[in-house]
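Full structure from sequences and hints, please.
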Amino acid sequence: MITCGIVRFDFIAITMKQLSTVNKIGMVVLFLPIWIALYLSLDQLTRFIVHSLLSMPEDEHLTTAVFFFIYEVPKVLLLLTLIVFVVGIIRTYFSPEKTRAALEGKPLFVGNVMASSLGIVTPFCSCSAIPLFLGFVEAGIPLGITFSFLIAAPMINEVAIVLLFGLFGWETALLYVLMGLIIAITSGWVIGTLKLERYVEEWVYKIKSPHVSINEETLTINDRIDRGWDAVKEVVGKVWIYIVLGIAVGAGVHGYVPENFMASIMGKDAWWSVPLSVLIGIPMYSNAAGIIPIVQALLGKGASLGTALAFMMSVIGLSLPEMIILKKVLKIQLIAAFAGIVGIGIMIVGFIFNAIY
Amino acid sequence: MTAVKILGSGCAKCKTLHARVQELITQNNIMATVIKVEDLVEIMKYGILSTPGLVVNEQVKSAGSVPKDEQILAWLKEG
Chain A
16 MITCGIVRFD FIAITMKQLS TVNKIGMVVL FLPIWIALYL SLDQLTRFIV HSLLSMPEDE
76 HLTTAVFFFI YEVPKVLLLL TLIVFVVGII RTYFSPEKTR AALEGKPLFV GNVMASSLGI
136 VTPFCSCSAI PLFLGFVEAG IPLGITFSFL IAAPMINEVA IVLLFGLFGW ETALLYVLMG
196 LIIAITSGWV IGTLKLERYV EEWVYKIKSP HVSINEETLT INDRIDRGWD AVKEVVGKVW
256 IYIVLGIAVG AGVHGYVPEN FMASIMGKDA WWSVPLSVLI GIPMYSNAAG IIPIVQALLG
316 KGASLGTALA FMMSVIGLSL PEMIILKKVL KIQLIAAFAG IVGIGIMIVG FIFNAIY
Chain B
29 MTAVKILGSG CAKCKTLHAR VQELITQNNI MATVIKVEDL VEIMKYGILS TPGLVVNEQV
89 KSAGSVPKDE QILAWLKEG
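Those protein sequences? They're chains A and B, same order as listed. Letter by letter, the first sequence follows residues 16 to 372 in my numbering. Letter by letter, the second sequence follows residues 29 to 107 in my numbering.
Keep in mind that the hints were calculated from the coordinates and are not lab data. Quick caveat: nothing in here was measured; it's all calculated off a predicted structure. Glycine included, every Cβ here is placed at the ideal spot set by N, Cα and C.
Between beta-carbon pairs, the in silico distance windows are:
| # | chain 1 | residue 1 | chain 2 | residue 2 | range |
| --- | --- | --- | --- | --- | --- |
| 1 | A | L55 | B | K73 | 46 to 56 angstroms |
| 2 | B | D67 | A | L55 | 45 to 55 angstroms |
| 3 | A | K121 | B | D67 | 28 to 38 angstroms |
| 4 | A | K223 | B | T61 | 21 to 31 angstroms |
| 5 | B | E98 | A | W255 | 22 to 32 angstroms |
| 6 | B | M59 | A | I49 | 41 to 51 angstroms |
| 7 | A | V272 | B | V62 | 50 to 60 angstroms |
| 8 | A | I367 | B | A31 | 50 to 60 angstroms |
| 9 | B | E86 | A | K343 | 20 to 30 angstroms |
| 10 | B | E86 | A | I51 | 42 to 52 angstroms |
What follows is the structure, given as structure tokens:
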């Protein structure tokens, strides 16, 4: 009788577990159409609010600005929620430990390509840059390959991709990702070829750390959905204010800054605008969320795509705080080489785009 | 007596994890000491690649995330 009871109990427990799994997948399936419906009706909704509710006249500066703001803020936030959720789930399949294992013993070029690509999907926070760097070096992963990872991971992130996709279109988002990958691969490769290992602080090579295997958590699909949702709360909770502010400034630019205002400063004929944008961009540490809407607005006022792209890449990809963190393990020469090589790579991208478009 | 170490220097999640662990210990009357390890060389001895790391009785339990409360509690109790 007792056994029977236990069996029954197990049975109930199993069905409960399955039920909650079904529930969470069900929730996702239920939310998706709501999301799509909201997204598709944004244009009509905004028209209704601006023209009918607020009865603002068409073709006025203020109307253009208000329309832009009311339309873009929910659009970008909707996109961000969905993409961060999906990326959050994808990232549960990756970890720095797995990436390190995959990179061990890889030859230079192949390693650079893999490190850059894995840099996009591996969960990474620049606050963990040091343990990651030390762990990679300790495992014998060459400096150049480690750098490919450290360049790609912050530069190609989901927030930047969402904003580029939402405000510029998928072509620009794709271009950004491809150019980011190429820069991460080649910069890492150059750093590796230059043999700059001697500019790593000596104590780094003396570290002996055990390769502990943290028992791989066995995650159910439910846990992964939870993690995705956690990522949404964390990322959206952190960047929404920058998005709102960035789009507000962008809306002002859209409505009030005259056409071609930026042409002489950020236009393609001003060749010096590319290196200047990169130089200004490196020490600037604004997250992608605040900077992209403003750059998008400037693009409509005569700034060229290459210059805008170079500016965004240097702001997002090269940041002063990260370099200060890296100073603990790298000598100043190597940090300068890193910033210089990546900066030149970004400039080349800027020039090429200005020449094409 | 359970010896808990939080590995990490100054990241946001490190602070969150530290606070979570201390709260769980007080709430559940667990006999434990909590040390926050901020020295890089010391942290690297545990072989983690991302912070925060959670160590219970010298065993690395998690790295790079703030685990769920139930999970932390289970580790604290078994240790």
